[in-house]
Amino acid sequence: MKKTLIAATLLGASTSAMAVAPGGPGCGWGNMLFEGNSGLPMHLLATIVNGTSGNATFGMTTGTNGCDTNGSLTYSGQSLLGMTGVMEEVAQDMATGEGEALTALSVSMGIEAGDRARFNAAMHENFAVIFPHQDVTAEEVMASITEVMKQDESLSKYLA
Amino acid sequence: MRTGLLCVLLCWIAPALAANFPLSLVDLAASSRWQALMHVNPGATLRDRGRSYIDDDNYFLADNGKDDVLAELRATVAALEPAQAPERCRFPARYRFLAEHLNWQEDAPFAHCEEYSEWRSAVQASRAVLVFPAAYLNSPSSMFGHTLLRLDQGEDSAVWLSWAVNFGAVSSEADNSLFYIYRGLAGGYPGRFALVPYVQKIQEYSHMENRDMWEYTLDLDQQEIDWLIEHLWELKDINFDYYFFDENCSFRLLELVEVARPDSQLLTELRFAEVPVNTVRALDDRDLIRERHYRPSKAVELDNLRRQMTARQQQLARDLADDPGLLESKEFQRAGVQQQALMVTTAYRYLRLVNRKGARDPEAAKDSFTLLTEMNRLPKVDVPETVDPEPPESGHGTQMLALAGGQREANQDFGELSYRLTYHNLLDNGYGFLRGAQIEGLGLTMRSTESGDPRLEELDVVSIRSLSPRNRFSKPLSWYVEGGLERAWAGRRRLVRYVQGGAGGSWAMGNWQPYLLTSLRMENNSDFDTFLTPGAGLDAGLLYQRGRWQWQLGSVGHYFTNDTYRHTSELAVHWAFARQHGLRASLSREGWRGDGDNEFKLQWRWYFD
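The listed protein sequences derive, respectively, from chains V and L. Per the working numbering, the very first residue in the first sequence carries number 1; after that it's consecutive. Per the working numbering, the very first residue in the second sequence carries number 1001; after that it's consecutive.
Simulated from the structure, these hints should not be mistaken for lab results. All C-beta atoms, glycine included, are put in the ideal place defined by N, C-alpha and C. Be a bit skeptical, because a hint or two may be false.
Unchecked claim - Pulled a few chain V residues facing chain L out of the computed Cβ check, cut under 7 angstroms:
1) G85
2) A95
3) T96
4) G97
5) E100
6) T103
7) A104
8) V107
9) F127
10) Q134
Turn these sequences into a full structure, and let the hints steer you where they fit.
Structure follows, in structure tokens:
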């Protein structure tokens, strides 16, 4: 039982109100970024009971959802991107060059405070590369981010 | 700084003292930390006084642990003392408490607790923040707002990576809203703590429900926060009773803070109804709030953008959202870069706001993407800060007493005494409250005239009104619902029982806010032939607010199925001359077929709690 709870991930796989993976286990942009929330009824319920529905969620350390393949990352760049609605916010922040979502992404990737402005600028400049169209997936976005960082001398060290 | 030093000193002395003069178990059981860990009710609510609030056998090691904290302490000592005791993994805060006081010294007391250790290393925090998503009228449980706790891992700007501690009722998916209210009031649900990523809460409140959020950094140090986190683990899957009015989300958070800092005296006063804003006030009164931060909802941000533009630009921005092809239009191309950026950003934000809730629409996704790409090309637009958002804890008190005197017709003087349990009336001082929102629960008015005994004039069971202005970008529905007992004309002035409600629209023009709503009423009185008589009509009026003055001119009328007709029109003005005091004058006419009564009233209203 305990194990299942652990596996039940905070990142929204099963019990959380916001957890929905429309269209199956994939976590493409289509599902996450410009996505409507097909979990709306669940959301309403969560609102009504002040945020807990069904089994209570309790923050757990291992997170898997459609996006992260290794299944052990909590709040790592990729899992974060996979969370409902987050990629949309990240895209918006990258388009303008700053914002809380972008900061969260850089912090979760271990980028130090001194390099964050550089990270933001690199993401801003390469917005069109990272988000080439509205159907891009989280994996593709993550791969592009990695690629951009690799090209940047002050950011490449975080990829090691 | 001084308290910090003091604490360091105390923390250093306390174990030393304990070693030399071990407290008796009786003293330990009575100590404030143990009482807090046991969630003993010190008299804050009427139920379970002197007993634990926790309603779950799994939390107690002794059979009568809920009632006898000393027995529970003894059982805990016995269970946790042996090395490798499995119970340690369930009760790390209890272990820490006992180890400090009984001088247990072990280097790695939780080495065998794999699950706990894993969790604990993931749930780190150096700052605790009380979060108060403001009122949300469209859900009964959130009308008064909600509170949760946020645990920040450290980075100031990375709150998206924080944890949210939320206490809520655990209900099954099949329960509908009405049933929820009933069971919530009657105590039919267990309540539990949940720990979820804070980003989910931002999505929920700020993005989906468009609620502003207030974030209050608590003045807790690292030690205190660690107590809180360790105790949180002990509450995993543990059931509390959940009562909508008092033992609710807000109340339980005070218990958590009490564990972090025993003797903070948060639960010493009797609390009949715990309104979330009063939780903020309770913490503020005990100097537990260090800092306040306002997080506007997406709708507020959009509205701020809108205000930066001329009417023509607003229209163009609105059209862009429908057809990004207009980016090529002459009118758009002619505008300056800053203005272009403003329009595109507004169009994008608007498109996201309306599409965020529905199923994904490929067309909207494509348009959003086009606009976003354009935003990337143009310079960044700073969403201007909301002008001086009014902190909710600075608003008027939630209970009210009022005295009034007046005259009905030319010859009947009266005096009135009113009490309202909660919360806010449209004419009350709006500072710190959601504009255009009214929530009143349990209001009672007694009227006394020269000719007779005091008698019940009005009993408001509930009265909710949501008048949100409509504009180019936002088209919310205005609605209201109310019910109770009131005096109305039915052959003579009688006490009638009624429920009424309706829906319509409202618009803002400077300080003026007109509204127009349909209205349906069900009434029971001893003059009408049928037990319940339905009526239909309109409720319309005009609000005007300036500084401390709030005016309302309104009229509501109903035509009943038994051919009775009745309407009430009123001109009222409220002067909020102090935070907790207001003077209100009203002139009203109650009319019915063929006749009517005029009434003038002057009322002094005092808000408290």
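Going down the list of hints, with the structure as the test:
At its closest, the beta carbon of G85/V sits 5 angstroms from a beta carbon of chain L; the interface hint therefore holds under the 7 angstroms criterion. Annotation: A95/V was flagged as interfacial toward chain L, and the flag holds, the nearest CB pair being 4 angstroms apart, inside 7 angstroms. Hint on T96/V holds. Least Cβ distance to chain L is approximately 4 angstroms, under the 7 angstroms limit. A least Cβ separation of about 6 angstroms between G97/V and chain L falls short of the 7 angstroms threshold, and the interface hint therefore holds.
Among the interface hints, the one on E100/V holds; its C-beta lies about 6 angstroms from the nearest C-beta in chain L, closer than the 7 angstroms criterion. Annotation: T103/V was flagged as interfacial toward chain L, and the flag holds, the nearest CB pair being 5 angstroms apart, inside 7 angstroms. Interface restraint check for A104/V: the shortest CB-CB distance to chain L comes to about 3 angstroms, inside 7 angstroms, so the restraint holds. Given the 7 angstroms rule on beta carbons, the hint for V107/V holds: about 4 angstroms separates it from the nearest Cβ of chain L.
Using the Cβ-Cβ criterion of 7 angstroms, the hint placing F127/V at the interface with chain L is satisfied: the shortest such distance is roughly 4 angstroms. Look at Q134/V: its Cβ gets to within about 4 angstroms of chain L, closer than 7 angstroms, so that hint holds up.
The structure agrees with every numbered hint stated previously.
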